[in-house]
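If you read the protein sequences in the order shown, they are chains S and U. Our numbering puts the first residue of the first sequence at 61, with every later residue one more than the last. Our numbering puts the first residue of the second sequence at 61, with every later residue one more than the last.
Keep in mind that the hints were calculated from the coordinates and are not lab data. Be aware that a few hints might be false.
All copies of an identical chain are treated as equivalent in the list; a pair is satisfied when it fits inside any one copy or across any two copies.
Here are the simulated DSSO-like cross-link-like pairs (lysine-lysine), alpha carbons at most 27 Å apart as the crow flies [said to hold, decoys possible]:
| id | residue 1 | residue 2 |
| --- | --- | --- |
| 1 | K388 | K337 |
| 2 | K337 | K69 |
| 3 | K119 | K238 |
2 protein chains.
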Amino acid sequence: MSVEVTKLKNGMTVVLNPMPHLETVALGTWIKAGSRNEDENEHGIAHFLEHMAFKGTKKRTSRQIVEAIEDVGGDINAATSIESTSYFTRLLGDDINLGMDVLHDILENSTFEEAEIEREKHVILQEIGAANDVPDDLVFDNFQDTAFDGQPIGRPILGTPETVKSFGKDDLNNYLGKHYRGPNMVLSASGKIDCDKLLTKAEELYSGFPSSLADEPVASNYIGGESFTKRDNAETQLVIGFEGRAYHARDFYASQLLSMILGGGMSSRLFQEVREKHGLCYSIYSFHWGFSDSGIFGVHAATETEDIPKLMPIILDELKRAAQDIDKHEVDRARAQIRAGLMMSMESPSSRATQLARQIMLFGRPVTNEELMDRLTAISTERITDLAGRLFTQSNPTIAAVGSVDKVMKQAEIADYLGSQVTNKTA
Amino acid sequence: MSVEVTKLKNGMTVVLNPMPHLETVALGTWIKAGSRNEDENEHGIAHFLEHMAFKGTKKRTSRQIVEAIEDVGGDINAATSIESTSYFTRLLGDDINLGMDVLHDILENSTFEEAEIEREKHVILQEIGAANDVPDDLVFDNFQDTAFDGQPIGRPILGTPETVKSFGKDDLNNYLGKHYRGPNMVLSASGKIDCDKLLTKAEELYSGFPSSLADEPVASNYIGGESFTKRDNAETQLVIGFEGRAYHARDFYASQLLSMILGGGMSSRLFQEVREKHGLCYSIYSFHWGFSDSGIFGVHAATETEDIPKLMPIILDELKRAAQDIDKHEVDRARAQIRAGLMMSMESPSSRATQLARQIMLFGRPVTNEELMDRLTAISTERITDLAGRLFTQSNPTIAAVGSVDKVMKQAEIADYLGSQVTNKTA
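If we strip away everything but chain S, and leave its shape as in the complex, we get:
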């Protein structure tokens, strides 16, 4: 593995990972700003801007943008998340200059024509509608909104029909100007690349972005709570969660291991207990999401109405049991799973480019697999049980459900069951 990290004059980072045996390349520009960087009146604009980047520049119409890439067989796409926005393309290695030109063009030269804005609003309203129709999209949106009640980090990324309808050209330029700045941007490429040429090209293209620092988002404050949405569905979707650990927090890696042990694979405790022993769910897993200043530890499950009263105590019992006793063998397995996952992603240019861009945004540098594995190896079973004890009793539970919600345990019942030591907070 050879990774080259360079800072451009305006503070933008370029991270390059040549994979000499490949013929293709994965290339993208990441911006360290997403939905949580929106002001109150900007809810949904990070995502709206990501859409509008494809709607025409000073040099290309929207059709010419996608034709440029697809004419050579590539594809181009973009994604908005809570803390970042990314624009990426996959191409044959010989077409990398074209990919560089197009990616830069849509970021710096977009014109945001009024007619295009109005049309794209209609597309996003449909995207919001579709997400609302899918029960497990909806339950996660409601969950996040409840966990971080009233805060940008909790709001649905797509915005609401009302906020989306309110946006104009100036709003787009304003958000772009505030967040698309050199120190906030990372260009990442993996695959068939010539590092020197790519660097020269990057310096040439991206020098127009300002070198001034962007404002930090407002600090997040995990609150917890409950959200129940009645739907006449076959299955009831549930997410139960707690405050997790930020990327830089001491317990971040221990939380990742705990999530793997509790519900990370088919041999995990929740899968074995809930699905294999009791046959109660098709989908059951846990997850740990780190943010820059907070985190979420959660469990997702879907089950039919009559099984809800049986399912919930089984899940909560597993949370309690994790605080009492974890076997060394389970920790070793979780580490092996993470290690193999790292090696698999080393072999995929898309996974590599994404992983390196995220490491630059989070830690300011690439993190080697060895360093990551050393951190994981240093974590004892006692530290994980200790963490589990704190995670599930020292933060207010969040419960979100979509479906037949009457039999779902309320927040207070979950807190009681777990012996929670907190009293309710409010925003």
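With chain S fixed as given, assemble chain U onto it according to the hints.
Here is chain U on its own, set in the frame of chain S:
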């Protein structure tokens, strides 16, 4: 690219693609039988068997099956489709023998204990419920069922609650005995592999599967029709389709190109017209699925109620226009997209193992990228317009909708609009 194809004594094919620069391996066993190979009283058993393969063997409990793989960081999974079933694992290359042992064990030595059967029925009932709750899963199930009315190829892969509840150990052994036979099976591995060792091991492990041929499924008969399911959703899901072309049919590759041109990417006609020009949909694309003796050419769209009357004629106009005039530039782009896609999948062990297994099942041999590209290059624009003319007028339309279905055009209206030359068929 070096690919080794070997037939074992019992007729099973082993296809191996060493990728010497990798540390990991993708390994799987494919069975050329899926839901369409089920008898009337077996609806859902191919998928049920695929689940039951993980529920215990003569040598391992269900927990030991997944622990064996996950202890070394790998993962194991399986999938059932209309014409095939697959069991696959991703591992570090050094663990390949373990992967081979476990994959074989679950295929030949599963015990199908009654208690496990009953528990797994409950899991699958939940899987059926969850699929029914997701509007675009449901619309595709209904579409396929309507296109091939009353035939195994059209039935939902998961089965119905009634059929799933009816299965016992003998049913599982019966389906397995009929279809899991050497000539119907392919072992495919890509990545860090030693071909000689792997072949010896495969011959050793798989010799117990019979060499007799499996019965062919009943021939399929595309019928077409309409399926409307009212749901109180934000978006109405639509699939409009026609009879496509079988894998071996002369027009198979032309159909693939036509689908790419019509709705395969962001520069495609449907995306440009429906989303970019009119802003009517978030999701709009076309697809062409080949089966061994039939095919489906279809368009998927989702839109809000008020836009349905505007959307449907735009889609149908594009189908008509494809029969009149296609630009050489569009065909070149479609070919470039397919070519780049092939090169990207050559670099991923999972994609390669899957692609090779499918080629063995469909064509009896690996198909090189050069051969595939030669076939595509030989197709003129005239052949594609000619095909479009026949596709959309010489087979009955199928229309499936989930949502606000009142304003959706009926089958007869679609046929009229397109100037269809067929009269209704029945099963």
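For each hint, the structure was consulted:
1. K388 - K337: Answer is within; shortest intra-copy Cα gap is 22 Å, inter-copy 59 Å.
2. K337 - K69: neither (59 Å within a copy, 39 Å between copies)
3. K119 - K238: within (23 Å within a copy, 62 Å between copies)
Hint compliance for this structure: hint 2 is the single one not met.
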